[in-house]
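Visitor: Guided by the hints, dock chain D onto chain F, whose structure is given.
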Amino acid sequence: MNTRNTILTVYSTIVGIAYLVYGIGEIFYSISLNSLGIFIFPFWADPIAGFSLIVVSMIFFTAAKHLSSDHKKAYMYIFVGILLAALLALTHVSVMIANWAECCLLLNEDYAEWTWFSDLNPAIPLFALTLPLIQPLRKIKWKKV
Amino acid sequence: MIVRVALVGNPNVGKSVIFNNLTGAHQYVGNWPGVTVEKKEGKCNFDDVEIHITDLPGIYSLTANSIDELIARNFIIEEKPDVVIDIVDGSNIERNLYLTLQLIELGANVVVALNMMDLAKEKSYEIDIKRLEELLGVPIVPTVAPKKEGMTELCEKVATVAKRKVSATKIRYNSKLEDAISKVASILSSYPTLQKYNMRWLAIKILEDDGEVIRYVKEISENDPVVWDKIEDIKAELNKEFGDVIVAMADERYNVISQIVSKAVKRITAEEEVSITDMIDEVLTHKYLGIPIFLAIMWTVFQFTFTVAAPFSDAIDMFFAYTADLARSYLQPEWFASLIADGIISGLGFVLIFVPNIFMMFLALSILEDSGYLARVAFIMDRIMHKLGLHGRSFIPMLLGFGCNVPAIMATRTIENENDRLITILVNPLMSCSARLPVYVLFAAVFFSGIAGTVIFSMYVLGIVLAILMALLFRKTLFPGKPSPFIMEMPPYLIPTARSVLSHMWLRGSKFLKKAGTFIVGGLILIWAMSNVPYGAPVEETLIGQLGHLLAPIFAPLGWDWRIAVALFFGFIAKEIVVGSLGVLYGIENPDPTTLYGPLRAAMTPLSAYALMAFTLIYVPCIATLATIKQETGSIKWTLIALAYELILAYVVALIIISIGSLVGIV
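Sequence order for the protein chains is F and D.
Numbering-wise (this note's numbering), the first sequence opens with residue 128 and increments by one.
Numbering-wise (this note's numbering), the second sequence opens with residue 638 and increments by one.
So here's chain F without its partners, still in its complex pose:
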């Protein structure tokens, strides 16, 4: 395995671990502390959101596994992993914007204490972590269909 692939393998594994840790954390947080009314983090944890993070982690782990043998296949997993990570981040950003509208435009009392930080779900910063993986994908020759 060349140095470039080694770096990619290590980085994909790190991204996978990060998603896995936060995914498990969010599930645990939602079914234990949240349900007891304890809020350590600003956002409301959701077990399925946690599950979705774990799914992304599995995709990056599979990419890392393939990097040592079949790099083309590995890129396929990195590509879809980034797409799914982007979809999750976009969903949470949409939630942020919707809640901002409730608070600032509609002056909804339920959102009086809302801040941008209230909706900062881990899916958003975690997506930033996947962005460096776009670079190796750019070197592939793509066919559009």
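Careful: at least some of the hints might be erroneous.
Computed list of lysine-lysine pairs in DSSO-like fashion (alpha-carbon distance at most 30 Å, straight line) [claimed, not checked]:
| id | chain 1 | residue 1 | chain 2 | residue 2 |
| --- | --- | --- | --- | --- |
| 1 | D | Lys760 | F | Lys200 |
| 2 | F | Lys192 | D | Lys924 |
| 3 | F | Lys199 | D | Lys677 |
| 4 | D | Lys833 | D | Lys677 |
| 5 | D | Lys758 | F | Lys200 |
| 6 | D | Lys903 | F | Lys200 |
| 7 | F | Lys266 | F | Lys199 |
| 8 | D | Lys924 | F | Lys199 |
| 9 | D | Lys760 | F | Lys199 |
| 10 | F | Lys266 | D | Lys924 |
| 11 | F | Lys200 | D | Lys1024 |
If we take Cβ atoms under 10 Å as the criterion, some of the chain F residues that face chain D in the derived model are [said to hold, decoys possible]:
| id | residue |
| --- | --- |
| 12 | Pro174 |
| 13 | Val182 |
| 14 | Val183 |
| 15 | Lys192 |
| 16 | Met203 |
| 17 | Tyr204 |
| 18 | Val207 |
| 19 | Val222 |
| 20 | Asn226 |
| 21 | Ala228 |
Label pairs and their calculated CB-CB ranges [unchecked claim]:
| id | chain 1 | residue 1 | chain 2 | residue 2 | range |
| --- | --- | --- | --- | --- | --- |
| 22 | F | Pro259 | D | Asp915 | 21 to 31 Å |
| 23 | F | Glu240 | D | Val1098 | 31 to 41 Å |
| 24 | F | Ser195 | D | Asn711 | 52 to 62 Å |
| 25 | D | Asp962 | F | Glu236 | 15 to 25 Å |
| 26 | F | Glu236 | D | Ser1299 | 46 to 56 Å |
| 27 | F | Glu240 | D | Asp962 | 24 to 34 Å |
| 28 | F | Pro259 | D | Pro1117 | 54 to 64 Å |
| 29 | D | Gln1268 | F | Glu236 | 43 to 53 Å |
Source of the hints: derived by calculation from the structure; they are not laboratory data.
Positions of the beta carbon are idealized from the N, C-alpha and C atoms, including for glycine.
Guide: Frame of chain F; chain D shown alone:
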């Protein structure tokens, strides 16, 4: 001059897009095979020619196995259109030409629309149109339907061909097959009634063991044993020679196609290139990751549906609250103000505030559908579905059920096996249609703030799980046997266009608006009227109160009061009425129409609310769905079975939720 034209072609080649382009219609189109299951008609004018166009369901060949295929074939054979536009996918030309050859064989007046030329170019195909025209002997028009390219040329060609029939190249089989075809055709020609058909084509179909054609010819020939013995002898001889005549004929046709393609189509491939479709499919259809990815994507759809729509819903809510207040302040007499404010405005408001949710859900589903992902879901679910006795193809009608169960049940026409089809029809109402969404959104917001998106998502998952379990039960009891194998063509992944996605969203969402403006308002006025007879009496003593108290004991074990019972009762007409009814019923006692939250929280617990959501998901489908089940099964028995099992299942599931929840200490 009037020209009758049929649009035919393989599934998912863009027939409906071309139909819409030519006629200006807004027929539903989608990036998966089997969108059109019935014929649609429209017309357009070109110079002095009035072109009457019929869009037919997609077919791979003129051998009909499913209802939609039969509709298409019978139209071409019985109606004999002046021109048949055969839409061929230019990026998949070899397989598509199989139908073209069969149409030529039938003697149809064919014009080929070589569609998806942009995709063909992307796939590095170079097609020599002139050479292809010479080889097939029919005119060919290159088109790119979504960009409306080639539409004028297509009309021009249709007008020309309608005046002068094309002389297509004759397809010749090997001498033994040709000999058999001639013998059978000669036998058939002794029946004058069959003269209106192409004898050669009838002979080929009989040799190919086409059930419909054989049944028809047997009827005409009064099952004459002399005739059929002769035909059976010819078939037996061929089977001895070729093993399987159907395969031999298909091989011959593919040989012809292969020769044509080798002369007219070139492909310049660069080996190092990676196709985006292959890349995405490797992961999205992965044996283990496929289903978790599907669940994650569906979760984002419902998260988006609930949260992003919330500010729009709140704005609509504020508007209706303000309007109801105005009506109450200015209208006289009091009963009239109550009718307008509490009956119509509040009731309608409680339905219309869910319009943003419904539109957002259709927006998200349209993106998934147009991208080509929907077809993949059918593929990844096939493994599980097959094990549970359901056909993988059934999953597409089930997913369509997320929009509305009526077109979803009609979409089962693409399923060839009758037992598979009946099972899919029976379980389809368990898929949560958009009419149930308002109920989920309301109760999720009231009782499950913070995880509302997930609670709504859980309803959809519950629907899928119950549908699969019921399918298994039906397979074991009513329809024993194994499901037929699942073969489906995967459409390419496409980036959905804003125009297409918004048009899909509007087409589906506007149905909800139309319903809201018509019989939902009617239903709500009826409920208001029943809650005011006798006028001035306490609501519990009115007609609606009496009906509610009659129904209440049935729902008492589930912890629901008489108002819920009434709302569910009227939900039988359409599920949208459930929320509107609650608005009217609670609004009567609590004149603040802006929110149902308080009264609902007082009347129910989160557990009983969750059970109610599940009950709404499962219990009787709306009248329109029942009518469609009757139409598609042709049987009142299956309609009643669908009605009865869903009522029982809904009650049992709700009771299980309440019981288990209570056992583990959830309230």
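Visitor: Hint Ala228 of chain F vs chain D: min CB-CB distance below 10 Å?
Guide: holds (4 Å)
Visitor: So if I understand the rule, the pair passes when the alpha-carbon distance is 30 Å or less; does Lys903 of chain D with Lys200 of chain F pass?
Guide: holds (28 Å)
Visitor: Within 46 to 56 Å or not, the Cβ separation of Glu236 of chain F and Ser1299 of chain D?
Guide: violated (33 Å)
Visitor: So, as I understand it, the hint says Tyr204 of chain F touches chain D; can you test that by seeing if any CB pair is closer than 10 Å?
Guide: holds (6 Å)
Visitor: Does the alpha-carbon distance linking Lys266 of chain F and Lys199 of chain F stay inside the 30 Å limit?
Guide: holds (11 Å)
Visitor: Taking 30 Å as the top limit, are the C-alpha atoms of Lys192 of chain F and Lys924 of chain D close enough?
Guide: holds (16 Å)
Visitor: Using 10 Å as the Cβ threshold, decide whether Met203 of chain F counts as touching chain D.
Guide: holds (4 Å)
Visitor: Under 10 Å is the threshold here; is the Cβ of Asn226 of chain F close enough to any Cβ of chain D for the hint to stand?
Guide: Hint holds; Asn226 of chain F Cβ to chain D Cβ min 8 Å, cut 10 Å.
Visitor: Taken at face value, is the distance from the CA of Lys677 of chain D to the CA of Lys199 of chain F at most 30 Å?
Guide: violated (45 Å)
Visitor: Check the hint pairing Lys760 of chain D with Lys200 of chain F against an upper bound of 30 Å on the C-alpha distance.
Guide: It holds: about 20 Å lies between the C-alpha atoms, which stays within 30 Å.
Visitor: Within 52 to 62 Å or not, the Cβ separation of Ser195 of chain F and Asn711 of chain D?
Guide: holds (57 Å)
Visitor: Does the structure keep Lys758 of chain D and Lys200 of chain F at a Cα separation of 30 Å or less?
Guide: holds (25 Å)
Checked against the numbered hints listed earlier, the structure breaks hints 3, 15, 26; every other hint is satisfied.
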